[in-house]
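If you want the building blocks of each chain, they are given just below.
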Amino acid sequence: MQEIKEFVPNIVAFCCNWCSYAGADLAGSGRLSYPANVKIIRVPCSCRVNPMFILKAFQRGADGVILCGCHPGDCHYVTGNYYTRRRMAMLFDFLNYMGIEKERTRVEWVSAAEGARFSQVMNDFVKKITELGENRRITDLRVKEK
Amino acid sequence: MQRIGVFICWCGSNIAATVDVKRVAEAIKAEPGVVYSADYQYMCSENGQQLLKNAIKEHNLTGVVIGSCSPRMHEATFRRAAAEAGLNPYMLEVANIREQCSWIHKDMDEATEKALILIRTAIAKVRLNTPLQEGESPVTKRALVIGGGIAGIQAALDIAEAGFEVDIVEKNATIGGRMAQLDKTFPTLDCSACILTPKMVDCAQSDKIDILSYSEVEEVKGFVGNFKVKIRKKARYVDEKKCTGCKVCMEKCPSKKGLNEFNMNLNNRTAIYIPFAQAIPNVAVIDPEQCIKLKTGKCGICQKFCGAGAINYEMKDEFVDREYGAIVVATGFRPINIDAFNEYGYSDNADVITSLELERLMNAAGPTNGVLLRPSDKTHPKVITFIQCVGSRDVSGCGKPYCSKVCCMYTAKHAMLIREKYPDTEVHVFYIDVRTPGKNYDEFYRRAVEQYGVDYIKGMVGKVYNENGKLMVQGSNLIDNEQVIIPSDLVVLATAIEPEPSVRKIATLLTASIDTNNFMNESHPKLRPVESPTAGVYLAGMCQGPKDIPETVSQASACAAKVIGLLVKDKLKTNPCVAHCNEMMCNGCSQCANVCAYGAITYVDKEFRIGGGKTEVRRVASVNPAVCQGCGACTVTCPSGAMDLSGFSSKQIMSEVEAICKR
Amino acid sequence: MDKTEMTEIMKEISGTDVRKCMKCGKCSGRCPAYKDMDIKPHQFVTMLEKGKVEELLNCSAIWNCFSCMACVERCPRGVAPAQVIEAVRTTFTRAQNNNGLAAEDIPPIVDELIPQQLLVSAYRKYNK
Amino acid sequence: MKICYYPGCTLKTKAKELDAYARKAAEALGVEMEEVKDWQCCGAVYPMAKNEIATKLSAVRALDYAKHNGGKLLTLCSACHNVIKRVNDDMKNDENIRTKANNYLALEESYNGETQVIHYLEMLKNEVSFDEIAKKVVKPLNRKVGAYYGCLLLRPSGVLAFDNPENPSIIEDFIRAIGGTPVIYPFRNECCGAYVSLKNQTLPKERSAKILNSAKEKGAEEVITACPLCLYNLQVNGAGILPARYFTELLAEALGVK
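Chains as they are written, first to last, in the working numbering: chain A, 25 to 170; chain B, 10 to 672; chain C, 37 to 164; chain D, 3 to 260.
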């Protein structure tokens, strides 16, 4: 009989260098844990995140993608996070239409001082994705475990 | 194929206690491209860095991944070490296995597994890294200050003090700006002219400062360190070098009906005039709209009487081209137009005036020689009512949504000065909130109430109407919950302020951004409040937001410090992680330029070979690496995928995504 | 209906956002019926915000407001006090037996000049 | 020029002269006023409550009629103008009211605020022009007249877009056109007391007196209005201070068709 493995989601987090990545570092210095299945990619600004990256993540088997940027009005690049907000609102609607539930994608504003918030956001997100279960939409079946 | 070296730091026990560093170092050896792998107790230590340098040389490494603390901590350290060993520093990436791994996970297997993935991700990125070179650009050691008010004057004086040349471009005939129009200044009540005019004289006398009055910026090209600016010197019909400021022309000029802008149009001036007694330069100017000679060709009286022979009716606008390393914007403010606030009866009643008009009515050099007389019948007003927030904090569309910041204080000042000079005058102030944050500010306001007996009424005025020669001010008194009607002789409106409208043109020329209220945007609201997002452009005074004189002067000096910091450099190093355009793919759609907050993207026409020996000229985007800040907004906007960001290229990030998702 | 529910309904039918009020009192500074308003125009806004519906429904100001819109016209924050007053009045008159004007009130004061417009508008305003 | 005209109930009874003079003057000016067929009372006050639908329907019916008969609806009574113009704005901009009203009416084609509502004064100003009127004046007014706007024509200005709500000028321009001298007084845009005079007579008495005294102080010999209720309040509640008349009467008088 095949062993039923507990579902462990795989989550890609994009963090802007100036606020959220620093917030994640602060969560680390404060030993504020969050699940190990969150892996962070550092980008200069949340507006650097191309919708293609997110599609790629889902195609390659990610179960959730989260984008973190500076709070509106605090963007290091003045207006970058506003672009993110608008772009992602559209993309997430589109993904939802494709069958990737809205809960699997998220944009959060985390400042460099909000270590606790970073950890809380990640815990919450992982919990949500675990509830949703594995993402099967648009995933290239070859990347899934046999 | 890259030759990659991987270094796993223990960080004492910080990493090693949770991540099995030996296992990681061993496992990573199997990764394609990895030719060297090691672990060490403290990579950031002198010995650790030496280990890195030696390995780069011995193994001819072309790429390095360090598994250690956050790159925000030691990326610069490791990159410097790599550069010393002859490796391009941008060929090194840091995998964060401390803050984002060992510190937040307790289970060793789990943390080791994650560390492996993070390092593989960094390796995936490094495989696609390319050597990047920091650019260099020269610096023109001269600054431009746009606007000759107190902000511009202070910035120019401070820059000149450091030994750099500065030009002040002022659109009016004299420098001095709004502060020159003020009577007294809060909270000390010293005379505005007495503290401003010595600074104006300093500007005129400094051999480093060149004042281009009656001039406007027409064109700006270039970028930080290398601005090329075209300045229009408007024809003033008076030779600046010859005019001695003797004012004989003003006595003789027959056209005396021009409105005196300096006195807020409360009295008249001649067609040839010097704006005010202490004007700098103290040189006359002719108003071409008003001058009989310029309009009809007949008159020429001023020319006849000018002993210096300075009058020249043939004068034309001139253009001056100058180069600058830095630009300070200090264009200032003006009171808003209050025609939309007819409930206060400003347009129907001469005795309803604005606060700036009151400044002139109180000023010894003003139209009434400092005696407070109301405009309609030149009598002493016995009851004066002030209305605050006229147009401020107003989202109805008639006014401005913001607090103008200075009105509470200047109204307290006016009320106090009037009560002091004319103790028999009754003074009322309608206010919504009294906002007095600032050193000695609240004390100042309380003095108006407690010492001078100014009647502050919490509430707003609904209507001002004329009845039997009195101005009836009908408003609410919210504390007593009643509607009051105060028969007044003079009503003063604390009019909201707005940025001087010419700032829009300036911002466009400088590709500096502007907010919905026409205030210039600062680079960061808290940490970079004097820099504009456009490199090399700095902001001083009201053009950036409402502020009073002390704040304006502080910001101007801060601007000067930034400008000096820039001008002392011989060369500017530029961040190599900037956007670049693949011209073969670019279709010239302009979308990238539209999202760029820095104006770093311009368009050039380039010739491309299209086969068959033919060429075609296409419009393509071109990024100025000295101006680009590397946010990447353009890369995502670009519909054809022509824009990419060095150091964070789409391919690199895609490969990181793949590495993370690989199971 | 409980108080909270009533408050929400009144807010909704007023069509204005009472939270936008910055408490400047310009509406009350302008109100031509101020003298006979036992609850002042600015108070309508703040009281609805705080959910004081009973006091509002028991006031006489709802019968004295002219709906002249002077308060709406001059509000710097885009709040419409007259619409709050209308919401209170409507809520009152819609309840059973709650009319502001009884038919027997009319005859003694009808004179020859009274225009239809006055009768119709008064009935519309005061009664359901 | 032919235009759809909504008279309203008061103009058929107590305010016959407002209507009659308007028609005579229009004829003299070459404007044909065609009464909306089977019009119903507009309700006299605009129902501000967001969930009032039925009370707005009669206005929508008139608006829909005008939509199919020239696209413009002419009003004369200030109250009708206020109600119809505001309902029209709702039909254009308030999706909830639009949907519900259309559901009630079940028109062949739904009404979405297409009709342009114009007041008689706006018609004089924009369609005829005051210069044209001035040319046709045979008996210039030659006296000082105070324009009384009241509230219904001006507020809320965002919807009515009639004139500057604090400093209007259209009736003053009209007075000039018919050879009179306009008197500008601060209470010309104040409320006369409106429907409250049926409930509480002291307030309208005070307000009307305030308005007329203000006009008198600034030198007016009479005041003119476009609203039957304003006229009632000024004449009855402000009795004896200054005479008040409909503006159409003065127009007819000046054009020599009274």
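If you are wondering where the hints come from, they were derived from the structure by calculation, not from laboratory data. Keep in mind the model is a prediction, meaning the values are calculated, not measured. Ideal Cβ placement from N, Cα and C applies to all residues, glycine included. Mixed in with the good hints, there may be bad ones.
Said to hold, decoys possible - Label pairs and their computed distance ranges (CB to CB):
#1 B:Asn378 to D:Gln118: 50 to 60 Å
#2 B:Lys578 to A:Phe31: 33 to 43 Å
#3 D:Ser131 to B:Thr611: 30 to 40 Å
#4 B:Asp330 to D:Ser131: 22 to 32 Å
#5 D:Thr204 to B:Asn527: 44 to 54 Å
#6 B:Phe617 to C:Lys56: 48 to 58 Å
Hint-by-hint comparison with the structure:
1. B:Asn378 to D:Gln118: 50 to 60 Å: For glutamine 118 (chain D) against asparagine 378 (chain B), whose Cβ atoms are near 56 Å apart, the range 50 to 60 Å holds.
2. B:Lys578 to A:Phe31: 33 to 43 Å: violated, 56 Å
3. D:Ser131 to B:Thr611: 30 to 40 Å: violated, 51 Å
4. B:Asp330 to D:Ser131: 22 to 32 Å: This hint is violated: roughly 53 Å between Cβ atoms.
5. D:Thr204 to B:Asn527: 44 to 54 Å: The hint (44 to 54 Å, Cβ to Cβ) holds, given that threonine 204 (chain D) and asparagine 527 (chain B) are roughly 49 Å apart.
6. B:Phe617 to C:Lys56: 48 to 58 Å: Given about 56 Å between the Cβ atoms, the range holds.
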